[in-house]
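Given next are the chains, with one letter for each unit.
6 protein chains.
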Amino acid sequence: MSDNLDAYRVSKEPYYRPVADEVELYEAAYSVRMPMMLKGPTGCGKTRFVEHMAWKLKKPLITVACNEDMTASDLVGRFLLDANGTRWQDGPLATAARHGAICYLDEVVEARQDTTVVIHPLTDNRRVLPLEKKGELLRAHPDFQIVISYNPGYQSLMKDLKQSTKQRFGALDFNYPEHAVEAEIVAHETGVDIEVANKLVSIAERARNLKGHGLDEGISTRMLIYAGSLIATGVAAQAACRVTLVRPITDDPDMRDALDSAVATFF
Amino acid sequence: MSDNLDAYRVSKEPYYRPVADEVELYEAAYSVRMPMMLKGPTGCGKTRFVEHMAWKLKKPLITVACNEDMTASDLVGRFLLDANGTRWQDGPLATAARHGAICYLDEVVEARQDTTVVIHPLTDNRRVLPLEKKGELLRAHPDFQIVISYNPGYQSLMKDLKQSTKQRFGALDFNYPEHAVEAEIVAHETGVDIEVANKLVSIAERARNLKGHGLDEGISTRMLIYAGSLIATGVAAQAACRVTLVRPITDDPDMRDALDSAVATFF
Amino acid sequence: MSDNLDAYRVSKEPYYRPVADEVELYEAAYSVRMPMMLKGPTGCGKTRFVEHMAWKLKKPLITVACNEDMTASDLVGRFLLDANGTRWQDGPLATAARHGAICYLDEVVEARQDTTVVIHPLTDNRRVLPLEKKGELLRAHPDFQIVISYNPGYQSLMKDLKQSTKQRFGALDFNYPEHAVEAEIVAHETGVDIEVANKLVSIAERARNLKGHGLDEGISTRMLIYAGSLIATGVAAQAACRVTLVRPITDDPDMRDALDSAVATFF
Amino acid sequence: MSDNLDAYRVSKEPYYRPVADEVELYEAAYSVRMPMMLKGPTGCGKTRFVEHMAWKLKKPLITVACNEDMTASDLVGRFLLDANGTRWQDGPLATAARHGAICYLDEVVEARQDTTVVIHPLTDNRRVLPLEKKGELLRAHPDFQIVISYNPGYQSLMKDLKQSTKQRFGALDFNYPEHAVEAEIVAHETGVDIEVANKLVSIAERARNLKGHGLDEGISTRMLIYAGSLIATGVAAQAACRVTLVRPITDDPDMRDALDSAVATFF
Amino acid sequence: MSDNLDAYRVSKEPYYRPVADEVELYEAAYSVRMPMMLKGPTGCGKTRFVEHMAWKLKKPLITVACNEDMTASDLVGRFLLDANGTRWQDGPLATAARHGAICYLDEVVEARQDTTVVIHPLTDNRRVLPLEKKGELLRAHPDFQIVISYNPGYQSLMKDLKQSTKQRFGALDFNYPEHAVEAEIVAHETGVDIEVANKLVSIAERARNLKGHGLDEGISTRMLIYAGSLIATGVAAQAACRVTLVRPITDDPDMRDALDSAVATFF
Amino acid sequence: MSDNLDAYRVSKEPYYRPVADEVELYEAAYSVRMPMMLKGPTGCGKTRFVEHMAWKLKKPLITVACNEDMTASDLVGRFLLDANGTRWQDGPLATAARHGAICYLDEVVEARQDTTVVIHPLTDNRRVLPLEKKGELLRAHPDFQIVISYNPGYQSLMKDLKQSTKQRFGALDFNYPEHAVEAEIVAHETGVDIEVANKLVSIAERARNLKGHGLDEGISTRMLIYAGSLIATGVAAQAACRVTLVRPITDDPDMRDALDSAVATFF
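Top line first, the protein sequences correspond to chains H, S, E, B, W and R.
According to full-length UniProt numbering, the first sequence is numbered sequentially starting from 1.
According to full-length UniProt numbering, the second sequence is numbered sequentially starting from 1.
According to full-length UniProt numbering, the third sequence is numbered sequentially starting from 1.
According to full-length UniProt numbering, the fourth sequence is numbered sequentially starting from 1.
According to full-length UniProt numbering, the fifth sequence is numbered sequentially starting from 1.
According to full-length UniProt numbering, the sixth sequence is numbered sequentially starting from 1.
The set of hints was computed from the structure by calculation and includes no laboratory data.
Note that the structure is a prediction, hence the values are computed from the model and not measured.
Where hints are given, some of them may not hold.
Note: identical chains are not told apart, hence a pair may lie in one copy or across any two.
In the BS3-like style, the derived pairs of lysine-lysine whose C-alpha atoms are separated by at most 27 Å in a straight line are [said to hold, decoys possible]:
# : residue 1 : residue 2
1 : K162      : K56
2 : K39       : K56
3 : K162      : K12
4 : K39       : K211
5 : K12       : K134
6 : K58       : K134
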C-alpha cells in the first residue's frame, strides 16, 4: 500500500452520538495503545464509532473487511512482480503498523481462525510484525493501534476467536441506542422529522423483540436510516418500511405479516 | 476491465411489463443510491427488470453471474503480467464503482458467503472499495449503485446471505406475473397469438401448484417463451411443450405424466 | 483456441439412425438458437446425435468433456504468458460463441455445479459471455448454440443441475433404440451379419432388465458394437462377449454367471 | 514429452507365461484399437503382460502410475515458461496419442474419478484428444491404444470407475497363475531350483486362503520372486520368507504366527 | 531472511520473575542444545521467558507465530523471482539454523500436524535441515536451538503433536505465578501500587476457579497488566476491570455477573 | 538438487549396536537392490540403522522427512524459473535414482497415500522413474536403493500404505533393544556411567508397560539419551528425568504421578 496515508484520514467529523462512557474509555485505551475489541450486533454503529474516534484522535484509519478467504499475506503484504523482478508491497496491517494508523479489522471472526494469529506479535509488549517473506521485523509506529469488531450473537463453534486472541484485547460493548437517542440519529441522518423517526424506532423495537423467535437479527439503526431516507424522497411510509425493514430480513409469511402489521400500527 | 463502459449501456428498451409499483420504488431507491436486492424465483424477470431500469435511468449495467468459485479478486481486480511487469486490472465491481455503472450481482447467494463481504464498504455511507492489493481506496462514482438478486426458495442452511449483508439492502419481491399479464408477455416475446399464450400460462399455473409436491420449481415465464417460440416455428404444440416445459424439469415418470396430461388438457 | 474452426467441422456424415422426431425437433430448436439438453443413459448415442446434427446443419462442433476439476477459466479462457507479456486465449466456450460453433458440454453434471453458471448469460436473450478477466462482453455469433448432455440415472443429491440452469434448456430424451433399429446399427458399424447383431441385441436386452438389480447400468449400444467388432476380427462370439459385455461392467460372480449364461443362450 | 519415443520401446522380450487365451484376445483387441482394461489383484502380472504385448506388437509403451493428485494437465500437457514465453509440452497421454504408443494408465482407479473423463474422446470412434489449453484437437495416431489396469478387490464406494468409463473398454481378467506355472515363473526369475519355487508357491497358496480373514491381500507372485531372490543370495529360506512374505503385509501377531508356521511347514 | 540477525537480538533485559528452577534447567538444556518445549496456558509468560533466556544467553531470537495455513516453505524458505531469475530466500527456521539463533515456534500445535515434521532432522543428532527445493543440506550452526510452545488445555483429537515429535523435546511446565509473585509482576509492569495489584490478582484467582465451569480459560497475567495499565491512566478500577478482564472473555450474562461481582468485591 | 552427492555421504561411522541379524539381511537385500521397509516405534533407531548401513555400504544417503503436504513434485523434481526461462531441478528421489544414492523416505505413511505411487516404477524390475513434466524416463543408477520407515502402531484407517505399495518392499522389524544393550547405548552416547544408564532403562521399561494404558507411546531410547545428557551436564537425575522423560509425553496428572514415582524408585 502507499506510504501516504492521507486517503485514510477522516477529514469530516463523522456523526456519532455517545451512549455511555465509551469515548473516554477508548481514549484511555488508545493512550496506552491497548488493542481494542468492539462487540455488538450488526448495524449498531461500531464502524461509525471507530471512524469517529479516528477523527477525534486525528489518526488515519485503515479498515479491512475480514473474510474467510483472507490470507495472512492479504494483511501483511506480498511480493509483486515488477519490470526489475519482485517488489515488496505492504498489506494494510503492515502499512498501518509502519506509518502509525489505526487498523480496524471488521468482522474479524470471519477470517480463518489462525489467520488472526498474525496479529499476536502486534498485540503484546513487543509490538512487532514479522514480515517473514521479506525478512523484516517491522516495529510498530508509536501511533499504531489495532481494533477489531466482533458480533457475539454470531460466532458458532466453528467460528470463534481463540482465547489466546481474545485475551489480547480490551473490549467495549455496543448495542442499539435508547429510543430517544436512536430517533435523534435517524432524524439527523435522513432529514425526516422527529415524529417519523420516533415511529420508525418504535417499529424497530417491536422487531427486536422477535429476535430468536423467528428473526435472526432485529432491525438495525442502519435499516431505520434506509427507511427514513426513502420516506424523505417522498415514498409512502408503509412502502418505504416494506422495502427497507421487512422484505430484506425475512421470507417467512407469518413473520412478514407480523412486521407489516407493526408498520401499520405506526403509519 | 476497460474504462469505456459503452458496451455495457442498454441501447434498446428491454420489454418489461410492470406488475405493481416496483419501477417507482426502484427509482426512489436509486435516487438515494440505496443498494437493492431483487427477490424471486428463477425465470420470473428479475434480470429483465434491472436491464429495463438501467435503460430507463440511462446508466451502464455490469452483470456478474455469481458462482461458488468466484473470488474477491474476480470482483475487485488483480494484477496482470505485462511486458513491463505487472498492470492492475479493475474487476467488474471496481469498474462499476469507478465509472458509475449499476453493478448487478446475479444469484449472489451462490458466491462464497464471505466473498460477499467485499461489497460491504460500498453499501454503507462510506461508499468506498478498498483495492488492498493495489493500495487504493476507491471512492465510488456518484452514479454507482449495487443490485443483487436472490431466490428465497433456494437458500439452504449452508448457503444464505449473512444478516449483516441483508441489512445493507432494500428489497423488492418478484413473482410470476398474473395470468393476463403473463400471457401478454408470452405473446409479445414469441409472436404466438394470445389464445396460445393463454393456454401456455394455464399449463404453467397447473405446474406451479406442484411445486413442493414433486417439483422443485414451477414452470417459469422464460420456459413459456421457449414453448411459444418453438410453436411459432411450426412445431406441434404438444411436442413443443414436451421439449420445453416437461422434459427439462423432471425425470420422474408420474410427474411427467401429470405434466403431459396438463398439456393435453389445453392443446 | 484458434480462430480457425475447420478442425471442428464434421466432414463425413456420421451414421445416425433416428428413432422418432428428434432430428426435426432439434432443427426447430436450432432455428431459434434454443439451448438444448440431451438426456439419456451412457452409450445410447447422444454424442453421435449431436455430431450428426452439426454435420447436417453444417456448423462446427466443439465438444467439451466436463469434469469436476474444470474451472470457469477452462471454458471461458485465460491469459497466457508470452514473450511480450500476457496474451488472452479464448476457451472452447468463448471460441464457439465468438465464431459461431455448436458448443457441446458432455456430461455437464460432472462439472462443479456453479461452474455451469458461466453459461447462463449465453442461454437467455442477451446471448453474451462476459470475459471478466479480459474486460470484454462477448456477444455470441448468430450461429452459436449451446448443447449439454445429461444422464438422469446418474445425478445424486450432490450432483444435479440447478433448476435455474435446467430451465434455460429445451430437452430431448434418448434411450437405447428398439431391437430392429439397434441390430441394424450394430451390423452397420461392425460388419457382422444381421443374425449375429440380433443375438447381441437380445443379450443386451436381458442385461438391461438387470439394471437396478445388481447392475448399475445396462449393456449399451456402444458395447454391442465393441462385441461385434471383435467377432468381425474372428474372435469366437462367446469370448468376444465375455471381453466386451460382461467383464467390463461387473465383478460380482453371480452377476457374471447370469450374463455369461445369457451369452450362452444365444451363441 | 519428447517426440522421440525410443526410450519407451521395450527392447528385450519381457518374460511372460500366458495362462489362457489372453495374448490372442489382446492382439484381436489391438487390431481394432479397442481400449482395454486389465483386471486383477496387485502383483499378479498385469504390468508385465502389457510390457510383453508392447514388445510383441513392436509399439512403444508409455506407463503412467495414476494417483489422486494427478490432474488432467498431468496427462494432457501444459505450457511451460521459456526464454521466449510459453512453450507447450505434451503430457504422456498426448505424446502417446500423437506418436502412436500404447498408453498404460496403471491403477487408474486411484486417479480422481473425473480426471478419467479426459480419456473419453480417445476411446470412442472419434479417437481425438482436445488440448483445450493449446486450442488443438489432436487426432490419435493409427497405432495408438489406451490400456488401463484395475484391481476389483480395491475399489470402494468412493473410488470406482464411472459406468460411462467402464463401458468404453474391453476387459481381461488376471489372477495368480496355477501352481506349476507360478513355480516356473519364480524359478525363472530368481534362479532358485524348482523345488524351492514349489515350496514358495505352496506358502503363497496358504496365505491366499487367508485373504478376507485377516489379510487384505494374499501373497503375490512378485513377493515370491523377492523371497526367491534373497534365497538365491544365500539367505536362509525362513529368514528370507520372513523379510519378504510375512513382515511386509501384516503386523497382527496371530496372522504373523499363522504365516510363519506356514513357512516352517515347507522349509 | 537477512543474514544479519541484529534485529533479532534482545537488547534490553526483559523483565522475568523466575518461579522455580526453570532458568537453570533451560541453561543446562541449551548447553547440550536440547530442543525444548514450553508448556502452559495462554498469557502466563512463556514468550517472556524465552525472550529472557535469549537475552541471558546473548543469542538472537527468531519467533514464528504458527498457524494452520503455514506451509513447510514458510519455515524453510522459497525461491523468489528476481531480475535475474529466481533467488533463494531462507525462511525463519533456516535463517536461525544457518546463523545460530534460537528459533521459537509459538503455538506450534496450530500448525498443520505434518508441517512440524520438517523440524525433525534439526532435533536429532544430525542437526541438519534439508532445503530440498534448493538442493542444500543445511547443517545447523553450533549456537542454534529450537524451542516450541504448547498449551496442554488446548489440543484436541484433531490438533495434537505427534508422539514422534513430542519425544524430540525436553519439556518445562509453566503456570500462572503464585499470588505474591504475580502481584509483584503486575505492579512492576504497570506502575500501579502493590495494593491494587493484589486486588487484581485476587480477582484473577476467583476467575481461574471458573475455568471449565463456564469459562474456557482463566484471566491471565497479561490481562491483569492490561487492567493495571488502564487504572494507571486514571480510569476507574471497576470500568478498567470491565473492559480488560470481563468483557473480552465471555458474553454469557451469568458469567459476566459472576465476574463483575468478583470485581466489586475487591474495588 | 546438486549432482554432487558428497554432502550426503556419511563420513563418520554412526554408532549402531545390532540386536539380531538385521545388518546381514539388509546387506543381502541391498545386493539385489530390494526396496526395504524398516518397521518399528518412534525413537528406536531406524534412522540410525539406515545411516549405519549407508556408511557400511559406502553409499550416499538422501533422507526425506515425509509429510502430508508433500507432493509428487517434491520427490521427483520441478522446473524452476531462470534468467533463460525454466530449468529442471531433480527432486531428492530423482537425484538418488540418477546418481546412485540410498533414498530413505522417513515416516512414509505421513505422505498422501497416493503420492507414494510415484515410487512404484522404481520398486519393480523396471527400476525407472518417469519424469513426466520433463519428458524423461529416468533409469535408476545400479547403486540406487529405496528404503522407507513405517511405525505400525501409528497407521489408522485413513493413513496406511496401500497393499500394492507394501508388497513392493522387504521388511525388517525394529524395537527397543534389550536392557543390557540399551544401557550400553545410553552410556556410550551420553557419557553417564553404566549404573545410571541401567536405571534410566529400568524407568523406560516401566513406562513401556503403560503403553496403551494411558500412554500413546513408551519412553524411547532417544529420550533416555536426552535424560542422560542432562545428567551428564550436572542436572539432578530426578529433574533431568522430569524434563526429558515425563513432561514431554503426558499432561495427565495420574500418569505423571505414575512416571514420577517410577523415577523416584530408581533415583
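Hints, one by one, checked against the model:
| no. | hint | in the structure |
| --- | --- | --- |
| 1 | K162 - K56 | neither (31 Å within a copy, 31 Å between copies) |
| 2 | K39 - K56 | within (20 Å within a copy, 41 Å between copies) |
| 3 | K162 - K12 | neither (36 Å within a copy, 30 Å between copies) |
| 4 | K39 - K211 | both (18 Å within a copy, 22 Å between copies) |
| 5 | K12 - K134 | between (36 Å within a copy, 25 Å between copies) |
| 6 | K58 - K134 | between (31 Å within a copy, 25 Å between copies) |
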